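K.L.:
All chains, full assembly: derive it from the sequences and hints.
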Amino acid sequence: MSQVVDPETISGPDAAIDLSVLDEARSRLANDDAVLRLSATEAEERSGYQPPTDEGLGERMIMNMGPQHPSTHGVLRLVLELDGEEITRSRPVVGYLHTGMEKTAEQLTYLQGPTNVTRMDYAAPLFNELVFSMATEQLLGVEVPERAQWIRTLMCEVNRISSHMLFMATNGMDLGAVGMMLYGWREREELLRFLEQVTGLRMNHNYIRPGGVAADLPDGWEEHLDSVLSVLPERLEEFDTLMTGQPIWRDRLQGVGVITAEEAITLGATGPILRSTGYAWDLRRDLPYLCYDQLDFDVIVGTHGDSFDRYSIRLAEIRESIGIVRQCMEKMPPGDYRIQDKKVTPPPRARIDESMEALIHHFKIFTEGFKVPEGEVYVAVENPRGELGCYLVSDGSSHPVRMHIRAPSFFNLQTLPHLMQGSLIADTVAVVSSVDPIMGDVDR
Amino acid sequence: MTEVAEEVPGEPAAPGATVHGVLVSDSRGQEVLHPDRSDYVDLVERLRAEGYWMAVDLCGVDYLNTPGDRGLPVGVEPERFEVVVNLIDHRNRRRTRIRVQVPDDDPVVPSLFSVHPGLEASEREAHDLLGIVFSGHPDLSRILLPDDWVGHPLRKDSSIGRIPVQFKDPTASGGARP
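First to last, the sequence lines map onto chains S and A.
End of the first sequence sits at 456 in the working numbering; the numbers just go up one at a time, nothing left out.
End of the second sequence sits at 186 in the working numbering; the numbers just go up one at a time, nothing left out.
For the record, the hints were derived by calculation from the structure and aren't laboratory data.
On a predicted model such as this, the values are computed, not experimentally measured, just so you know.
Each hint should be verified, as a subset may be incorrect.
Claimed, not checked - With a straight-line Cα cutoff of 27 angstroms, these simulated BS3-like cross-link-like pairs (lysine-lysine) come out:
id : chain 1 : residue 1 : chain 2 : residue 2
1  : S       : Lys383    : S       : Lys355
2  : S       : Lys343    : S       : Lys376
3  : S       : Lys383    : A       : Lys164
4  : S       : Lys115    : S       : Lys343
5  : A       : Lys164    : S       : Lys115
6  : S       : Lys376    : S       : Lys115
P.N.:
Here it is in structure tokens:
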């Protein structure tokens, strides 16, 4: 459903954005008073009725929504200041899922790293592994074989579809289209079954590793993937019937949670939130990595920057991703699925029985890991939610000095107070859902 | 890998090269700027006017007990902490990175909130986990850890903690079977 957009109407990076408009958005955001600056403890203590103040604020109510609210997708807490049913100020409170994964990464070797990062964005785990592996490879200065690149591209796109399917399910559920939850979940399960066939696990795959991928694609992968992909288009038609054209669905989403391109840029929001404003920015096309420069696909943009556009973009991106996966299947080259560098990747199992050196390398890699030259890099990929980055610092040992993940959801959450200001409390759920935060990614 | 110049074969990072009057180095082909704490906010503002509209990321690094070359150009004095900011220029499809040295005895950096309001949460995170203070930040409270948490866990001198494993003593009562 790639639509042809008139270049006049989009405000992509190539169309000139006026710096003065950007400055205006910045001063508006810094002073619009949308963020309720209360600490988590204060918000708890002050929750309830707020008497009118001398500064002219009328009666208000402070309400804590979450962290155990079903529509907060995990453990997001929203502190809302309400004037009647209207939200005046708000703030997301995060950290309920913080497990110190960046600290953990400093204790793990580079080979163990993907096991850790894959648990961050649990809806799109392969992207976390990918960005960590790419950062490690850049520090090592190694080039991954072509087939490994194509396998990574293919698997990530399958993962993108499954992640967006999860969004379809939860977005439908949040807005009362409970049937959608079952359909979205069903489709996602089909895709996870494929991921399981390849990686052995439904989630937290630890499949993409520094140097390539863990294993080659199994026999019969093409038939399996083809059978999954061939049912998806008609299921997506069902989604359109169930949601896209429905007047209730449109009423609940259109014009709700509006943001402009300048505001999104200023707040660091990426992915479907930025693209919903008509700003055509997608790292896959604009700063290509893996094999995206050899693939033909469209960057989907919206026009209004509202919740409906964010929904439509994700639905259209599923269709684009199906096309990308089909191209990957056609173009999949033969060759190695990982580099044959004995210092980085373990030797094949059969070699260990016949070669003393292979045994030693195997032992060394799994006990002390491989050493990575000194340096620091920042690598970013386009995750289903936006720019996922990894800042990696090495001191020449086998453990990183610092591993920082730039989580798209962490930044996207900052748009919430601005999206919700002046809207009704009933729209909160629609807005949070359209931002699609994954709390594992936010809290790390 | 002791010299910065060696990291990019064919393109020696000219020692003393500057951008906007700030020392610049090259890390695996990525441009890195090394401003002082004093001219750091000005630099980001100038870069923003130049096209680096979006601040993608900000994080802190603790280099305690990390001897060796850190890829700093000559003239930049290494300190314990570093604040790392990644900027992106959408139009020219390029990125740049800023590394600011922050001393241990005075871990204060001016906040970038006035230039990039989107860094508010990241600065809170760096404050929370590393104890770096961002002066001028509108609300520098903890973000990931509870408000009453003591210490900054991402510091290298912060213990990671261990769960003690209780092994059975075969000589103790109950350990040995009759």
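K.L.:
Are the hints correct? Go through all of them and say.
P.N.:
Here is how each hint holds up against the structure:
no., hint, in the structure
1, S/Lys383 to S/Lys355, "holds (8 angstroms)"
2, S/Lys343 to S/Lys376, "violated (36 angstroms)"
3, S/Lys383 to A/Lys164, "holds (20 angstroms)"
4, S/Lys115 to S/Lys343, "violated (40 angstroms)"
5, A/Lys164 to S/Lys115, "holds (9 angstroms)"
6, S/Lys376 to S/Lys115, "holds (24 angstroms)"
Hint compliance for this structure: hints 2, 4 are not met, and every other hint is.
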